[in-house]
Amino acid sequence: MLMIVTTLLTGVVLKYKDVILRLYVWLTFSIFLSVFLFHILATWQGDIPNYRYLFSFVNPRNINYVQVWLVLPLLYWAWTNKGKAKSWMFAIPVVIQFSLLFALDARGAIIASFTGIILWILLSEKKVEKLKWVLTLVACGLLLKWLLFTPLPQYFIHGVWPDGQGEIRLSDSNRLNLWSNAIAMISFWGHGGDTFVCNNDVIAHSPHNSILLMAVEWGVITALCYIVLLLHTLYRVCKITNESVRILGLTVLSGFAYSFISSVINASMSQGFAAISVALYWASVREVNTSEKESKSRLLSSKASTFSHLCLIFIALWSLIFIGYKTYQRIDNNQYRHIKLDYYMPQFWIEHNCMDAEPKLNLSSKL
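In the UniProt record's numbering, the protein residues as written are 1 to 367.
These are computed hints drawn from the structure, not numbers from a lab.
Watch out, some of these pointers could steer you wrong.
[To be verified] Derived DEER-like restraints, expressed as beta-carbon distance ranges: (1) Leu310 / Asn81: 31 to 41 Å; (2) Asp172 / Glu125: 32 to 42 Å; (3) Val58 / Phe260: 15 to 25 Å; (4) Gly193 / Gly159: 51 to 61 Å; (5) Arg52 / Ser124: 32 to 42 Å.
Every residue gets a Cβ at the ideal spot worked out from N, C-alpha and C, and that includes glycine.
Turn these sequences into a full structure, and let the hints guide you.
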């Protein structure tokens, strides 16, 4: 489904590149408000907020799954407008993104995004100037986090300095157990969708590693093809001279690099931004590799463009119908209600996706 959507988007996405960038900016401010408003309300009520204090999202990682696709395009947009009057306005969305990464304790998203930024600096000209500029924005983002989220609001309002400021989490967040379970489930041909969530003995809806998830559900060959595609993308990004295309490629690589330690490609919103990012990169590479005459000949006619839009609308409606049907099926699916949780989780985290009471695989002989 995502492959079809991405393919259809490549034919129309370049025409709406500016619109997409503006939507990224509006989305940045919307996410910022969902976190900031909850933090300020909690502080006003005398509570000490943490990274789970936010509106609209059950898990802050779902915000990070969106952020990883936005940071590099917004950063490059700010850089290209650096010499203009009021250039600081173009940097505001980037500073907000950095402040949210720090406020939400997003280790994986920070590593993935900053790796992409470092590669961009290393592969381009004016390395020192770009490094100083990026470090300035990062410092502004950290300062914004201190001023608006924690710890200064709590200190100024209640005279309390929150614990844990400046600490870096070094735990594996149970990743090693999840990966071990996933490796035990791998077969050459794969077992199909939902295999991991319905057979894992630890509460988690994925192994938090896209390569392992692909190997478990769709087999070793599919996982190897996936790795080769990512390596080929990295090679093309290193070789290409067009910086705007390179940024789009690094955005794709950053998102999928984050998927090696998270469920970024399992989250629905993130899947949408992944499809847009891949389509933008794909279409841009194709445009660069063709001459001007060939490029014009490849532009979709109005009829083909309309057909692509209709296909996207049909796929969206089709997805909504099937998701609604599966949701209806799960209303009375109470087989996991006995599990006691430390905090609220979505149903699919505690395996309500699984309609069978018995596991599909016998893993006792493998573990």
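For each hint, the structure was consulted:
no.	hint	in the structure
1	Leu310 / Asn81: 31 to 41 Å	36 Å, holds
2	Asp172 / Glu125: 32 to 42 Å	39 Å, holds
3	Val58 / Phe260: 15 to 25 Å	23 Å, holds
4	Gly193 / Gly159: 51 to 61 Å	52 Å, holds
5	Arg52 / Ser124: 32 to 42 Å	37 Å, holds
When the structure is compared with the earlier hints, no violation turns up for any of them.
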